[in-house]
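Generate coordinates for the entire structure from the input sequences, incorporating the hints supplied.
Protein chains in written order, with my numbering: chain A, 1 to 368; chain B, 1001 to 1164.
Just so you know, the hints here were simulated from the structure itself, not pulled from any lab data. It is possible that part of the hints are untrue.
[What the hints assert, rightly or not] With the C-beta cut set under 7 Å, the calculated list includes, among others, these residues of chain B facing chain A:
id, residue
1, Y1006
2, R1012
3, G1013
4, M1016
5, R1040
6, I1041
7, R1042
8, P1064
9, Y1141
10, Q1153
11, L1156
12, V1157
Just so it is clear, CB atoms sit at the ideal spot from N, CA and C, and this is done for glycine as well.
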Amino acid sequence: MVLRTEPFILNMGPQHPSTHGVFRMRLTLDGEVVVDLEPVFGYLHRSMDKISETRTYQQIIPLTDRCLDYLASMSNNLSYVLAVEKLADIKVPERAEYLRVIMAEMMRISSHLMAVGFMLNDMGAFFTPLMYMFREREKLLDLFEMVSGQRLNYNYMRIGGVSQDVPEEFLPALKRFVQEMPHFIDEYDQLLAENEILLARSKGVGVLPADLAVNSSASGPVLRASGVKWDIRRGDPYSIYDRFAFDIPTGTAGDVYDRYRVRIQEMRESVRILEQAIAQLPGGLHRARVPYLLRPPVGEVYGRIEAPRGELGFYLVSDGSIAPYRLHVRGPSFLNLTALRDMVVGWKVADVVVILGSIDIVMGEVDR
Amino acid sequence: MPFNRYGAGIARGMLMTLKHVFRQPITTQYPEWRLNNSKRIRGFELVWVPVKCTGCTTCAKACPQGNIEIVTSRGEDNSYAVDKFEVDIGRCKSCGLCVESCPFEALFMSRNYELAQYQRRKLVQGKEEVRMSDKKQPSAYCKPWLEASMPAQSLLVNGERRGR
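See the structure below:
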């Protein structure tokens, strides 16, 4: 006999601590089981697309730092400048390309540390693993501060290169970090990978089948955890990613645990890319000569990269003036939310928190 | 979910946590102990050198916020005299584009980061407040020749996180 109760509507958010920002979920519950979910967002809308139409191409770079995924500013910078360079057909010096790859991969490690830490936090491993991961992230933030002067809003990439060359003490410090980082990832594994409570909370929970993941245009670790081997660094190489050897970790089940594993594996792969990039880093200019008030030819372009959370794309339309006619951002967090309802229905309220944590949304990117 | 040896994974995790009891702390007690910032730190205000400034307003044009206000008049020997140089640091987001665009080494980012005020209007800095002084030292952001004279940044990756 199945007992059913009257549908009960529960509001989670926008001030709920588990929603990673100002995100609201309207849950319809049958007892404790979720019957329906309606995501509600827009509380953090700052209208980046529209503001960009009044700024020059260079003045948009600081906007991408803070109006998008603020935990991965370098990736946002990179995606935007790649789109503009594609539009204006600008050639970037070799050293700048390598510096960009180094920064993007450092950013990926830093962002995944936060993602995994907060996800474990949602599962009940309260703040201990998160604090261990913050320690490693702090090392990366030190390095970012060294090259760009700030710890969160870097504003480091420029159209045609990077704003400044790295200081001489940067590379030894980064080498040291790259050497010790695998050891710390092993520590995280020892801490939680075989923890029975974590396995019980995450294995088989919130399954996203591969076909549904593709159809709901999920990307990044969420897509790869479902077993789809798709990474833009491989599938549609940008910058100089075709020169590095790295694997694309994929999951099999597409559950919460696989998303956690994929992120941990991706950190290892990023360390591998960093090792190769440091070894190959050439000398030379860090920035091409680009006019300060850039006027790209009339046309439109879509530039995309594999940001830590998935495919981050910038769609730019130029009318030949100093400001873009239209700028549109494809935010990975936003599109990964599309699949949230299918993952959550049938699970209990406590699992909703875990499943949302495993998607790793940043509300700055969802609302823009 | 069946496990063959329930508790082994938890024990391994606890062992890891136990190891951390014997690790050195990496936090610093902030107001008493201070770390060295980056040489290129973008502090929350600008440092202006009036002698070098020609009043060309390149910085004002580079600012995404339109936050720098410069009024010039014709001075002696036909050069610009800067009558007004006003920055509202409450609106500044320290992106550094103005410093990067300055062609005459007249504008720097500051090294100060503790600039809380009780009133908003005190955040508006006029000619006298933006000027370089003993309390306002420039950082090496986009001015690499200043880097040599600055103390090295304390890096956690090198273990330099003890308080001084």
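Please write out, lowest number first, the hints stated earlier that are contradicted by the structure.
-> The structure conflicts with no hint, since it agrees with every one listed earlier.
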